[in-house]
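Participant: Using the sequences provided together with the hints, build the complete structure.
Protein chains in written order, with my numbering: chain A, 1 to 357; chain B, 1 to 357; chain C, 1 to 357; chain D, 1 to 357.
Simulated from the structure, these hints should not be mistaken for laboratory data. This structure is a prediction, so every number in the text was calculated from the model and none was measured. Some hints could be false.
[What the hints assert, rightly or not] Below, a list of computed lysine-lysine pairs in the DSSO-like style, where the Cα atoms sit at most 27 Å apart:
(1) B:K62 - C:K354
(2) D:K47 - C:K252
(3) C:K354 - A:K209
(4) D:K300 - C:K209
(5) D:K252 - C:K182
(6) C:K252 - D:K314
(7) A:K73 - D:K252
(8) A:K354 - C:K305
(9) B:K305 - A:K213
(10) A:K73 - C:K58
(11) A:K354 - B:K305
(12) B:K305 - C:K73
(13) C:K213 - A:K73
(14) B:K73 - C:K97
(15) B:K73 - C:K357
(16) D:K161 - C:K252
[Unchecked claim] Pairwise CB distance ranges (calculated):
(17) C:Q40 - D:D196: 41 to 49 Å
(18) D:E185 - C:G181: 34 to 42 Å
(19) C:G159 - D:D282: 21 to 29 Å
[Unchecked claim] If you want the footprint, here are the derived chain C segments under chain D, 3+ residues with CB under 8 Å:
(20) 112-119
(21) 123-136
(22) 154-164
(23) 224-231
(24) 260-268
(25) 295-309
Ideal Cβ placement from N, Cα and C applies to all residues, glycine included.
Number of protein chains: 4
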Amino acid sequence: MNSFGQKLKFSTFGESHGVAIGCLLDGVPAGLCIDETYIQNELDRRKPGKTEFETARKEEDKVEILSGVFEGKSTGTPIAMVIYNTNQKSKDYSNIKDVFRPGHADFTYFYKYGIRDYRGGGRSSARETAARVAAGAIAKLMLKELNIEVLSGICEVDGIKSEQLDYEAAKKSVIYALDAGKEQEQKDAIIRAKNDHDSVGGVSRVLVKGAPKGLGQPLYYKLDAILADAMMGINAVKAVEIGDGVLSASVKGSQNNDAIRTNGFVTNHSGGILGGISNGEDIVMNVYFKPTPSIFKEQKTVTTKNEEVDFSLKGRHDPCVAIRGTIVCEAMAALVIADMLLLNMGSYMEGVLKYYK
Amino acid sequence: MNSFGQKLKFSTFGESHGVAIGCLLDGVPAGLCIDETYIQNELDRRKPGKTEFETARKEEDKVEILSGVFEGKSTGTPIAMVIYNTNQKSKDYSNIKDVFRPGHADFTYFYKYGIRDYRGGGRSSARETAARVAAGAIAKLMLKELNIEVLSGICEVDGIKSEQLDYEAAKKSVIYALDAGKEQEQKDAIIRAKNDHDSVGGVSRVLVKGAPKGLGQPLYYKLDAILADAMMGINAVKAVEIGDGVLSASVKGSQNNDAIRTNGFVTNHSGGILGGISNGEDIVMNVYFKPTPSIFKEQKTVTTKNEEVDFSLKGRHDPCVAIRGTIVCEAMAALVIADMLLLNMGSYMEGVLKYYK
Amino acid sequence: MNSFGQKLKFSTFGESHGVAIGCLLDGVPAGLCIDETYIQNELDRRKPGKTEFETARKEEDKVEILSGVFEGKSTGTPIAMVIYNTNQKSKDYSNIKDVFRPGHADFTYFYKYGIRDYRGGGRSSARETAARVAAGAIAKLMLKELNIEVLSGICEVDGIKSEQLDYEAAKKSVIYALDAGKEQEQKDAIIRAKNDHDSVGGVSRVLVKGAPKGLGQPLYYKLDAILADAMMGINAVKAVEIGDGVLSASVKGSQNNDAIRTNGFVTNHSGGILGGISNGEDIVMNVYFKPTPSIFKEQKTVTTKNEEVDFSLKGRHDPCVAIRGTIVCEAMAALVIADMLLLNMGSYMEGVLKYYK
Amino acid sequence: MNSFGQKLKFSTFGESHGVAIGCLLDGVPAGLCIDETYIQNELDRRKPGKTEFETARKEEDKVEILSGVFEGKSTGTPIAMVIYNTNQKSKDYSNIKDVFRPGHADFTYFYKYGIRDYRGGGRSSARETAARVAAGAIAKLMLKELNIEVLSGICEVDGIKSEQLDYEAAKKSVIYALDAGKEQEQKDAIIRAKNDHDSVGGVSRVLVKGAPKGLGQPLYYKLDAILADAMMGINAVKAVEIGDGVLSASVKGSQNNDAIRTNGFVTNHSGGILGGISNGEDIVMNVYFKPTPSIFKEQKTVTTKNEEVDFSLKGRHDPCVAIRGTIVCEAMAALVIADMLLLNMGSYMEGVLKYYK
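Facilitator: Quick look at the structure:
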């Protein structure tokens, strides 16, 4: 329930304002070089408090590896990583203790479990995604050995769409903008909403380069279905497209089919996946994030005793969760691809015989 | 790999042109009345060959229950259902035997498994979805006992959008159109494409009424994530939206948040799911189908020996897979909701004690 | 719940006196030659009604493959096999309809599910094991490609122990006796019990030859633990030993440790498994079957309404379930080893790189 | 692979001489009082270094809860527990760095993963079982709410069998002896072996009182099969018996069947399980531990380069692993029963309806 993946499986734990968050990553092949600096760098990309486009809540997000690594290499046993919470101390929750925040999970968690952990979203806080990024970093290290790369960036903020999809530009941008020409406009929209005590939505585009043909299991562990699961499971995501996605529902078959030539597919409307299995082309998807539900405008809600109240949230929040969310999309995509690679081993008898020789 | 669900788990088997297709449904509570007529009716809704809007391939799709039912009631043991293929006989595959059909899974299956089952798509054929509908029918029978209903219909064909969302109208429509006022226009688009040897895409809208608060598991078996997995895993689906979906990425937080009052949520932008858990409102989603890849226009492709050819497909195919696909969406949604209900049992200690009293 | 295995997973269905029993085997690598005659032969070894040492109930146990095989080879998709029940027709259950048979599962099933399928044990009947044997036969075909062999035989009946462990002798014996010198004595014990309206217990010994080093997952999918699960899950099994088993609890460490030399282990007290992982030696285990609970002597029991009755069972039953049980042990061992082989692929990075080259 | 359980699932991590060991326990119902003192007490029962009958290695085994508990109660989210290693510092492994210890897992781990973590057994060390005891303690807290108790004790050491099975006596005994009259003799055997640089085996008996009828899933998640899996998966265990176990293979059906009367079963040869499902009687099993493989006598072995050597182990080791092992058996039994209780919810439709009312 708190785990993801089959052959490469990770499980996370921890609440936003508890002692620590962390994860267990099980199934990493032995002998993989575990570059701790790289893992920390990935966490730093997601880390809050770096710029004005993110929540002011500062978290060091220092990851510590507790197991599964010996002399710099994975041992094949579970890799446990922990990130202690350092900035959860003195926060005053008195004004939300008994109030359900609109757009948040505290309402549903309360009715599911019958008890309430009111501290900053508890388990449902986006803070948990730091653990995913740590696990994803190790997946990326594994993919690198197989020459597979996972990239991402922001292709839309508050309805302002990118025209270019430049993943190198995204790496340099503080909002991971894929289009440097649209970046300022997108930043302005974020700041405007922030000043207005409001928030904006955004879209992350994810690209996987170099994935071999044949990844994905028919019929209920399909590559596209599991990517959809992985992306939709990220906080605030409300829609996922593979390849042309929504658009493909309004074109003709003759327009949407990708012709095949000896050197590969002529177009990539399919987003690199056919019948749930990778076809050797770039795997591409768009992930739609709703605006942060934590806004400072007055809102109508009820208390845990079902009394109506008007209240204004306080605290520190991201004005656009998609920004840091794109790093989580990358991590999740890397974890899915790595899992599928390991699952794929043994699909045909010849491969099995080769492996055991 | 060929299974779906945790507590209510189904597995399917069978190829389009093999002996039979079928499924195993495991986890159905004992004592549920298994109405075989209802199951057959659900299959008939998906069955091909009924009207000109579907493939002319006629399949009787007669389901036979092999186990798990005794004296009209489920026994708690796995329910095996089989549908023998009756119309796969004389088909001539000579023109596609060595040719990859653009937009199809035969290319990826070949590279995954190293062998080729060229008979009508083999396992990747949409015919497999009949088995999902059979399993879904039993899930619906279980949901009915808990006053939960799953409905669906077509809200867009070839870019022509419904303005009304009338699920009663959809029940009466041969293309399951949600808007009777748009139905003729949508039908015309299908026939036009068909006559032009082409195909069109479409969108299914799914509605779950009466689901209790608290369904869905944090953080990796979330209700929305698993619905996305279930829907994206249906043949030809390329995008999934929960609630406002794509739209929510371009509005402000103050517009997107659903205010809460003592009698429930004022709006339902969230589509009935917050933090991956149902909030008691209607659960709504849109499922985007690409146009059928099987078209009769000439297309550029390669053979299994990677030689370039131009070829024209023959045979019988749906001009718009979304039509019959919406019945599959319904079935999958029912299976997900039923699974989540069973999984949810035991979430809190008080409930456990109540169950064992 | 009705499935076993992770990478090679099988699920069974069907009741003793229902329409059919069968199984789904998922995860078989594509390209494996599926020898249907071999599968049927394995079923024939388990089939009842061949000799006086078994139940007189005759079942043809004719297996039919419904999917997953094309032109004699596995396609990588699930292999569904069905065995229709042919001899369940006219049986009169009136004398056991409301009576719990001592030593049987009907009592526990009734209290678990709240309903009663009184027909010959329903799902809990040993008849279900025919489906395991069918699946196991395919696992054996896969193991053969890797030069791994699974053998078994009866090493004890009614307390009469074998002194020789001759697996070739077992193949020729109608009671699969491992010691031809003890066979007659063991047969006599069975017939004596049968004539006395009673039944006897027995022990199956299973041997896996040629398994490579490294099979088994730490720490909760250990080879020995999963073998124990597989064996204890067979009807009537009450104890499982790996290697020296029970004996090892009463010897010294210096006696029990197997010394290692360059050409392997000097002794095999461990039964080929250390730390849950195979060490390259023969894998050996003993599986203890209780006497058939179905006896014709008068017994004290209660009805479904909890009224005390004395009753005598009628019908046809095995006087010693261990005999046919040993074939099931073999099948389950083959399935476990094949699953572990597939799971083991990807344990180390070098192997992953080799597979993808 | 490093996880156990379905609905109540735990995963462990950590190596004997790494930074920490720990576990994640997922699926604990919300609202359970988490008594940290009780958990620590359970760990103290397994803790090494308390008496001369155990290894002299002292570990504080102080457990820290990182998540899933708020204001003394479980929240329904995963409970992460960590135990930092405090006594792994200066140990000199030079004499075993390249040598495989007979009877140990280092040989098989090396061939599985291709790399070697020579530090005190790494992941395969019995130290990992501390994490199981921590998880088991929480399972026991949950069982207590349902009036179910799990007890255990030592019923045999070095072939010296208990005649009494007094679980209250076991609680007071430093070797958890079930028979106070045999305790001294058993202790003497341990000390004698220790002084002789050798080790002894032993047997743990486990008793579950108060389990309701109906626990266990047919046919591949049977209660007895999963208990066998759980017990056989404990370090050094080589055999598992349910109820009469081995004995039942050499008696007649008429002796082995338990007669049923209105107030329950007259005898309990079955050990409380029929057809893989609990029957309401005491659940009993015997778990056989081999003697500790770590002995100080000279042994014949090979190095990682497959060179033959004679070597003598140094260090601190348990002379009889069964002693501390029995606490692990208890923990695992508690985890299995708790998991089965949660899984069982929803077995029949009436129960589902009751839960949702």
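Participant: Against each hint, give a clear statement of whether it holds in the structure.
Facilitator: These are the hints, each one checked on the structure:
1. B:K62 - C:K354: violated (47 Å)
2. D:K47 - C:K252: holds (24 Å)
3. C:K354 - A:K209: Judged against 27 Å, a Cα distance of about 20 Å means the pair holds.
4. D:K300 - C:K209: holds (24 Å)
5. D:K252 - C:K182: holds (19 Å)
6. C:K252 - D:K314: Satisfied, since the Cα-Cα distance of roughly 18 Å is no more than 27 Å.
7. A:K73 - D:K252: violated (57 Å)
8. A:K354 - C:K305: violated (61 Å)
9. B:K305 - A:K213: holds (16 Å)
10. A:K73 - C:K58: Given pair K73 (chain A), K58 (chain C) is violated - Cα atoms ~59 Å apart, limit 27 Å.
11. A:K354 - B:K305: holds (23 Å)
12. B:K305 - C:K73: holds (20 Å)
13. C:K213 - A:K73: Between K213 (chain C) and K73 (chain A) the Cα gap is close to 22 Å, so the pair holds against 27 Å.
14. B:K73 - C:K97: holds (17 Å)
15. B:K73 - C:K357: Violated: K73 (chain B) and K357 (chain C) sit about 53 Å apart, past 27 Å.
16. D:K161 - C:K252: holds (16 Å)
17. C:Q40 - D:D196: 41 to 49 Å: violated (57 Å)
18. D:E185 - C:G181: 34 to 42 Å: holds (39 Å)
19. C:G159 - D:D282: 21 to 29 Å: holds (26 Å)
20. 112-119: It holds: at least three residues are needed, and the stretch 112-119 of chain C offers 4 whose Cβ sits within less than 8 Å of chain D.
21. 123-136: holds (count 3)
22. 154-164: holds (count 3)
23. 224-231: holds (count 8)
24. 260-268: Contact hint for the stretch 260-268 of chain C vs chain D: holds, 4 residues under 8 Å.
25. 295-309: It holds: at least three residues are needed, and the stretch 295-309 of chain C offers 9 whose Cβ sits within less than 8 Å of chain D.
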